[in-house]
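Trainee: Residues per chain are reported as follows:
4 protein chains.
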Amino acid sequence: MNLEQLQKSLDISPFHCWLGLQATSIFEDGIEIILPWREELVSNPALQSTHGGILASLIDLSGLYAILACGGSVTATTDLHVDYHRTAIPGPLTVRSKIVKIGRKTSTAATEVFDGNNKLLASGRGLYLAAG
Amino acid sequence: MNLEQLQKSLDISPFHCWLGLQATSIFEDGIEIILPWREELVSNPALQSTHGGILASLIDLSGLYAILACGGSVTATTDLHVDYHRTAIPGPLTVRSKIVKIGRKTSTAATEVFDGNNKLLASGRGLYLAAG
Amino acid sequence: MNLEQLQKSLDISPFHCWLGLQATSIFEDGIEIILPWREELVSNPALQSTHGGILASLIDLSGLYAILACGGSVTATTDLHVDYHRTAIPGPLTVRSKIVKIGRKTSTAATEVFDGNNKLLASGRGLYLAAG
Amino acid sequence: MNLEQLQKSLDISPFHCWLGLQATSIFEDGIEIILPWREELVSNPALQSTHGGILASLIDLSGLYAILACGGSVTATTDLHVDYHRTAIPGPLTVRSKIVKIGRKTSTAATEVFDGNNKLLASGRGLYLAAG
Chain Y
1407 MNLEQLQKSL
1417 DISPFHCWLG
1427 LQATSIFEDG
1437 IEIILPWREE
1447 LVSNPALQST
1457 HGGILASLID
1467 LSGLYAILAC
1477 GGSVTATTDL
1487 HVDYHRTAIP
1497 GPLTVRSKIV
1507 KIGRKTSTAA
1517 TEVFDGNNKL
1527 LASGRGLYLA
1537 AG
Chain V
1407 MNLEQLQKSL
1417 DISPFHCWLG
1427 LQATSIFEDG
1437 IEIILPWREE
1447 LVSNPALQST
1457 HGGILASLID
1467 LSGLYAILAC
1477 GGSVTATTDL
1487 HVDYHRTAIP
1497 GPLTVRSKIV
1507 KIGRKTSTAA
1517 TEVFDGNNKL
1527 LASGRGLYLA
1537 AG
Chain C
1407 MNLEQLQKSL
1417 DISPFHCWLG
1427 LQATSIFEDG
1437 IEIILPWREE
1447 LVSNPALQST
1457 HGGILASLID
1467 LSGLYAILAC
1477 GGSVTATTDL
1487 HVDYHRTAIP
1497 GPLTVRSKIV
1507 KIGRKTSTAA
1517 TEVFDGNNKL
1527 LASGRGLYLA
1537 AG
Chain X
1407 MNLEQLQKSL
1417 DISPFHCWLG
1427 LQATSIFEDG
1437 IEIILPWREE
1447 LVSNPALQST
1457 HGGILASLID
1467 LSGLYAILAC
1477 GGSVTATTDL
1487 HVDYHRTAIP
1497 GPLTVRSKIV
1507 KIGRKTSTAA
1517 TEVFDGNNKL
1527 LASGRGLYLA
1537 AG
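Chains as they are written, first to last, in the working numbering: chain Y, 1407 to 1538; chain V, 1407 to 1538; chain C, 1407 to 1538; chain X, 1407 to 1538.
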């Protein structure tokens, strides 16, 4: 899967289109995606913080596409775990996912979300069921 | 906190407004929220499935407001865990959160998400930091 | 599976024998197990607290046997999540597991661990792979 | 904290002594610990597999001592998450923990457990409460 194919695959989902996700890199063992900021992502308007559910969504979806991009099979996320480290301020977010293990029945990917200053905002991992 | 106050508190967040969340019940140890369906929530258009990130968002936010509604203090989610059980088909989702423990430093709530047929779609729990 | 069969099944594992686990109840949707206290379980001798790894072990194994006892298929734990609520003081612990969902590929059980005063010490959930 | 101090600190816990843990390295951002095999660790005697609760214990405790060894403050684990990747066969296990974030209120460490062939058996992360 090349970057153009990854972007097309991401864009199948109406939620991904609403988020405006941009696939920016495919590594040997992972991928990078950029999320542009928009006001509807805000949790607390006083802080202008991005909602924790958006960060969780990024960790879920980026891990899944990392496994697909690296040749694994995925039908669905079965389990998701997110740790929140810092409040997300307005601006684009960079999401980097790395394969932990591609297995016959399940695969695992670890994902980190960074702000524009390269500060770690959230990190987590998803467990994904293989097809069949 | 009564139902009207809970709804007002939810509506402070632009993301919650975009989701169109409706607070429907406050119990002694939890709350219930309804999410109306909209097309931008879809993950896979072939299945019309609601995105796992949306389910994760519901588990995160509903647990947080359950703690607030039941008198606990919360500044932020620190950890979120979601298990996905079934594909979510189009239609409103019912989200029920129950307090596991309200603590001095952290509180925990468990949340379940059901479809219109009362099928369990996802369940999970959040750990929330107290103020101070 | 009756209580005697559950106990026999637990006793196959040398680690369970070392822990001295006693199966005490099978419910329609779960099981109860008692862990007797022993000094080797202690984490911090100043507090005489039971080690968090022991509580995690109880949540892992009790959920797995709950699924077996309720007719589900399990080959292995694939994912385990534990929240710690209170320091465990010396004395027997009561472990109660409840099925969240028995599925074709994976099953989920939620487990709570209580001390002798019925205080909740830890709670969590395991995701278990089915055979085949 | 040097290696001798880390070993002394580990040996305060009767459970760690029973496990026979050996601190082998302190890195800038983490630590390494070895667990020798013993028969009481076995889950399924037919496979001679090490119990998932033991792997969870290693991820819990090694992450906690990584934060201590790297200058963080820890009073207790508040949340633990473990993914199981492969069945653990008899033989010593190598446990490597890496700091994800040291915070004022909570810290996070990620830990991997390897067998003698350097195969990844389990990985996970703990969230640890700071003192005060």
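These are computed hints drawn from the structure, not numbers from a lab. Watch out, some of these pointers could steer you wrong.
The list cannot tell twin chains apart, which means a pair is met if one copy fits it or any two copies do.
Under the rule of at most 30 Å between Cα atoms (straight-line distance), these lysine-lysine pairs were calculated in the DSS-like manner [unchecked claim]:
| no. | residue 1 | residue 2 |
| --- | --- | --- |
| 1 | K1504 | K1414 |
| 2 | K1511 | K1525 |
| 3 | K1507 | K1525 |
| 4 | K1504 | K1525 |
| 5 | K1525 | K1414 |
| 6 | K1414 | K1507 |
Trainee: Evaluate each hint against the coordinates.
Mentor: Comparing the hints with the structure gives:
no.	hint	verdict
1	K1504 <-> K1414	within (20 Å within a copy, 35 Å between copies)
2	K1511 <-> K1525	between (34 Å within a copy, 17 Å between copies)
3	K1507 <-> K1525	both (26 Å within a copy, 11 Å between copies)
4	K1504 <-> K1525	both (18 Å within a copy, 17 Å between copies)
5	K1525 <-> K1414	within (29 Å within a copy, 32 Å between copies)
6	K1414 <-> K1507	within (25 Å within a copy, 34 Å between copies)
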